[in-house]
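Engineer: Listed below are the residues making up each chain.
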Amino acid sequence: MTSEPQSSRLGGGPGGFPFAPPLPLFLLNPILKRIVHRIAVQNPDMFDRLGPHRHAYFLIDPVDIPFMLYLRPDPEALDFRAVGRRNPPPHAARISGKFLDLLTLMDTEQDGDALFFSRDLIVTGDTEAVVCLRNALDDVDDPIAESVADMFGPPGRAALNALRRAAENAQKRKGAK
Amino acid sequence: MNAMVKPELICPAGTPAALRSAVDAGADAVYCGYQNATNARNFVGLNFTPEEMEKSIRYAHDGGTKVLITLNTFPPAGKVELWKEMVDLSARLGADACIVADIAVAAYIRDTYPDLRIHLSVQAAASSPEAIEYYVREFGVKRVVLPRIMTVSEIRGLLKEIPCEVETFIFGNHGLMVEGRCSLTNYVTGQSTNMDGACSPAACVKYERADDGSMSTILGDYMIDRFGPEETAGYPTICKGRYKCDARDGGYYAFEEPISLNASTMLPDLINAGVHAFKIEGRQRSRAYVKKVVAAFREAVDSIMAGQEPRLADLVALTEGQKQTEGALKTKKWR
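Going line by line, the protein sequences match chains D and P. FYI, the numbering for the first sequence is 1 to 177, going by the UniProt record's numbering. FYI, the numbering for the second sequence is 1 to 335, going by the UniProt record's numbering.
In short, the hints are calculated from the structure, not lab data. Be careful, since some hints might not be right.
Stated by the list, open to error - Keeping only pairs whose Cα atoms sit at most 35 Å apart, straight-line, the calculated DSBU-like set for lysine-lysine is:
(1) K332(P) x K174(D)
(2) K291(P) x K206(P)
(3) K174(D) x K333(P)
All chains should be modelled from the sequences, with the hints used to inform the complete structure.
Structural biologist: Here is the structure:
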């Protein structure tokens with residue numbers, strides 16, 4: 001376990017949350033639960049790549065939104081919920097990055113190592129657990145972002161397309177710097 | 001000059017999804033391995049079960065793509081059974097070739113499966129005509145993967161002297177240690193790149209961040225680099241670490257820098273030299289990497305073969321430390 005300071009490079013912090021959620025966390029959590037169960041049902045083999053790390057808790061930290069995600073990818077005891085930033089719960093590893101970068105990772109459009117090299121992705125804690133999670137998610141048939149969007153029908157797919165465009169523009173801006 | 005042949009594009013796959021991405025992006029062949037010590041990329045959560053390999057070979061063959069299986073580590077003395085089992089499995093599943101480094105594994109394929117192609121892994125570090133001729137003569141090796149230490153001119157000269165195909169790396173890790181002989185990771189982690197297949201295993205790696213935004217890379221009990229807040233990072237391997245030494249002020253990349261090979265500008269020279277296959281490194285990378293890099297080189301090779309100026313996609317964002325080099329292919333003074 002480690003404590004992680006906020007990255008100056010990644011932004012975030014007060015006033016840095018352009019993707020502020022419209023819902024309180026207690027309303028968000030049933031949706032997250034539904035999402036993770038659907039992904040697990042669709043991709044039962046993905047858990048094999050996690051080995052013993054399926055029991056680990058991961059803190060996924062989109063630094064530009066006001067909450068974090070807490071994941072235990074254990075098919076016997078799945079857990080996925082939003083948690084506040086003030087007191088992060090115990091976790092084996094933490095993965096921090098901008099929301100759009102994390103989204104494009106889940107959309108299999110971004111390479112995690114490339115984000116790590118550019119320091120846009122920060123990993124702390126159990127590196128092996130993170131590598132296993134990355135490999136498990138990378139091997140699912142349909143990109144997870146797409147599966148999640150499909151769950152919400154046309155509005156979900158429209159939202160994903162809008163986010164994809166935003167991510168593409170963000171990439172272009174980064175490339176132009 | 002050798003007759004101009006269209007080189008095969010040999011692409012990496014660490015997972016079945018990456019293999020499918022490589023096939024769909026135009027790979028001529030995909031190389032991949034099993035989830036055990038026979039594989040020099042024996043990393044956690046990566047690689048193929050026998051069932052996954054069977055399905056993946058079927059997918060690749062349906063797409064007209066070959067599958068080359070990496071059995072490219074060295075069995076400890078007297079413990080070659082696992083390697084033999086994986087050879088048997090690969091032959092049964094219809095692999096197009098096995099990439100091997102060890103002579104016991106090569107001899108087993110030669111004696112048991114004479115029709116199964118043997119490619120000599122870069123881990124064998126064979127770069128002289130004499131060494132390569134030995135492997136061809138004794139084991140029937142059909143192709144040699146050259147170490148990343150040779151210039152195009154040297155490769156051209158070598159091709160005139162050897163009776164087998166040549167494969168060169170064109171993108172990815174710029175590893176210049178004497179491959180198959182490097183024991184740096186053993187020293188720090190107790191695990192062997194060459195026999196366990198794990199260089200800098202993730203279980204031994206930690207990243208620590210400081211309040212100023214700098215990040216330290218720890219391997220085992222040793223800090224091997226510290227990156228400033230705005231500095232790009234590299235892989236946690238000792239050969240890419242930065243150290244204090246008497247001869248230099250401050251931290252110094254004593255072995256190699258975090259940088260990737262990108263030989264895209266050298267492709268016409270390599271094709272003219274008669275290289276038979278181009279290899280993209282990166283079985284540990286995501287399928288997004290596989291998709292982008294394979295597509296870029298597919299387009300570049302096809303353009304050159306059609307007599308056009310190659311269109312070279314910008315791949316720097318995917319390179320280690322976001323830096324790239326043509327390495328020894330261009331000059332021995334790459335640093």
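Engineer: A separate judgement is required for each hint: does it hold in the structure or not?
Structural biologist: Structure-based check of each hint:
Distance hint between K332(P) and K174(D) is fulfilled; the C-alpha atoms sit about 33 Å from each other, no more than 35 Å. Only pairs whose Cα atoms come within 35 Å are accepted, and K291(P) paired with K206(P) is accepted, the gap being roughly 29 Å. At roughly 32 Å between alpha-carbon atoms, K174(D) and K333(P) fall within 35 Å of each other, so this suggested pair holds.
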